[in-house]
Amino acid sequence: MDAILLQILNGLDKGSAYALIALGLTLIFGTLGVVNFAHGALFMIGAFCAVSLQRLLSLSFETVDPTRTDFLGNPLKVKTPYIESWFGPETGAAIIDWSVPLAILFSIPIMLLVGFIMERGLIKHFYKRPHADQILVTFGLAIVLQELVKHWFGANPIQTGAPEAFKGSFDFGVLLGFDPNLIIYPYWRMVYFGFAAVIVAAVFAFLQFTTFGMVVRAGMADRETVGLLGINIDKRFTIMFGLAAAVAGLAGVMYAPINSPNYHMGMDFLVLSFVVVVVGGMGSLPGAVLAGFMLGILESFASMNWIKSMIPGIDQIIIYLVAIAILLTRPRGLMGRKGVMED
Amino acid sequence: MLGLNKKDTRFLLIVIALTLLTPIILQPFPEGSSLAQFNAGYPDLMQRFAIFGIFAIGFNILFGLTGYLSFGHAAFLGVGSYTVVWMYKLLDYNVIWGLPLAIITSGLFALLIGFVSLRRSGIYFSILTLAFAQMSYNLAYSVLTPITNGETGLQVYTDDVQILMGANEPQSPHFFGIVMRENFWVADIGAWEFTFNNGYYFSAVIAILAFYLSLRIFRSPFGLMLRAIKTNQTRLNYTGLNARPYTLAAFVISGMYAGLAGGLLAAMDPLAGAERMQWTASGEVVLMTILGGLGTMMGPVLGAGFIKYFENIFSKINEQVLRQWFGFLPDGLEGAVVWVAEYFVGSGWHLTSGLLFMLVVIFLPGGLVEGGQKLAGLFKRGKSDEDIDDPEHQPKQSPHVAE
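For the protein sequence lines, the chains are A and B, in the order given. First residue of the first sequence? That's 1 in this note's numbering, and the numbers climb one at a time after it. First residue of the second sequence? That's 1 in this note's numbering, and the numbers climb one at a time after it.
Treat the hints with care, since some could be wrong.
[As the list claims (entries may be wrong)] Partial selection, computed: residues in chain B whose CB lies under 8 Å from chain A:
no. : residue
1   : F115
2   : R119
3   : R120
4   : G122
5   : Y124
6   : L128
7   : M135
8   : I147
9   : W279
10  : V345
11  : G348
12  : I362
What the hints contain is simulated information worked out from the structure, not anything from laboratory work. Positions of the beta carbon are idealized from the N, C-alpha and C atoms, including for glycine.
Let the sequences and hints guide you as you build the complete structure.
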């Protein structure tokens, strides 16, 4: 029982990341009908927003402290971040410590802008071209973005810590009456799950309860009619693209403390999140979220030791196996609408 | 000749001549001159031209003719490599055992994957093949370590069985005594140096055979059928034909080509690693085919050569070389130019190839071959009667994917 609970918890954070990326992918596919292979790169850019902000905040200047000397006897050079000198040492240190949550604010405008530029500059020209062309051009774009990040940040993973307050783990087991240290779960992963839930809820609320969202949903159902009613649906879809980019970016920002960002994390997640989208059903938003969490949890179950000893290697391939099974038996996915992309 | 019409025979002969003369053609600059770094006539690179040419030719049979975009062909490349290295370990270094077996195993593997994947088309097919390839890659890295030797990669050790190993047999891959990595002739003519390598000629002969086979497939009723699938699969179904056996055959054939290419990679260098199966490697062959010209005979070969050549050249250029080149510019400008150019050279080659890929997909969907034809068209404006805009009687080529 405790092991099952632990695996469910372990699956949640990865599942959250899958769900958020797949949600963005589905938004783009559902609105613009574009298969975006560069979506993983957006996730990666988000993570590197967190890295950049942390570096930006820790920019420091050097002063010579005459009262102290280093081991050679020279006066010691002390590095002080500008932030600390502006806001005082304590506030400054706190700001640097909280750089990842702060990066949420920092990354939203950046991701929106990246999304707009991508849509207006490139994707716009590919609406009428076959899906294979869309796959190819966005695949090229993903390579370009990934290589640029590699050029700027290097090939090694960059550790980006969560705030001090969220380090350490929470003992779930005690809460539910199990022995201590059986079910422990890092605080930051709980935060990540909560954050993902909030974002998903926000996106759904936005689509469900605002006029803008209503128009977008109408456009997803029948683009032409909405256009004929005199609504500039293209503009709204562009905004939705920016929004999808922002969702992917935010997923990346918050993921940075869980897994140190490196330049190929986007590609790693991309394949899996496509699989998630397919399992959930092309164009179905609830399907994407559901499948994201489901596959995340399934993956962590499959990496349990006794399952691995029964079927070796199952943890590596379970997601793909599920996807293949779904595609062959129910091509529209778990919650896909009938007739949408079924062949 | 050989079941080809006159035009194709001439085409094939030109290809054969170019392939056999590659060591000379790719060595246009004398040794020691400043342009010598652009020479490509050394064995390792030429072997890769031939091998990736085979890979791309095979991929083109699937993607170019039927329009099914597979993102998992690297898996077959890996299977081919592993097979050949295993034959080295079990029998001996003669490639005659490994290569045919590589074609068979990758063909079987392709049959399995193709049988499942081809139940869907369009983007689902791409994702299915991608899923299968990632599965093979992950397995090769983890559970299948006894077979693939995991991260280290499969290689031959001295304590391997090698039951057919003769006493005087060469200790590296060979074909009945012709050692792949040896050169049979290094010609110094004036300032030029031409290297004629066994391995290159071995791969080149196989590449020519592969090219001839694909030419025959393109011109056959079977090839016509595959084109029909690309043009309009629904209509084909309505005429009472089942498209799936044909697509499956194309998939298996292209998988066998990939396996052969993988086997040859291991024949040149007795190693096999899981990274050959990664999906970015599949992306590379897509890139080669698109860049060269999808669905054309020569395109994939050109694309493979282009990518491998520039990969090699670009990776060699570093900051010093750039400074040397742009030294004539004023200082500030030189700094700026070098700073920009640095993004694209050295390890930045992937950035260049990504950009190139995007540009080709956006502006030149027909690839280099189409670009060449357009250029040629510019020079003979007079004969405009060839491209009449008359879609009723002379339909335009359809976009290249079966939706």
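> So which of the earlier hints does this model not fit?
Replying inline: The structure breaks hints 1, 8 and 10; every other hint is satisfied.
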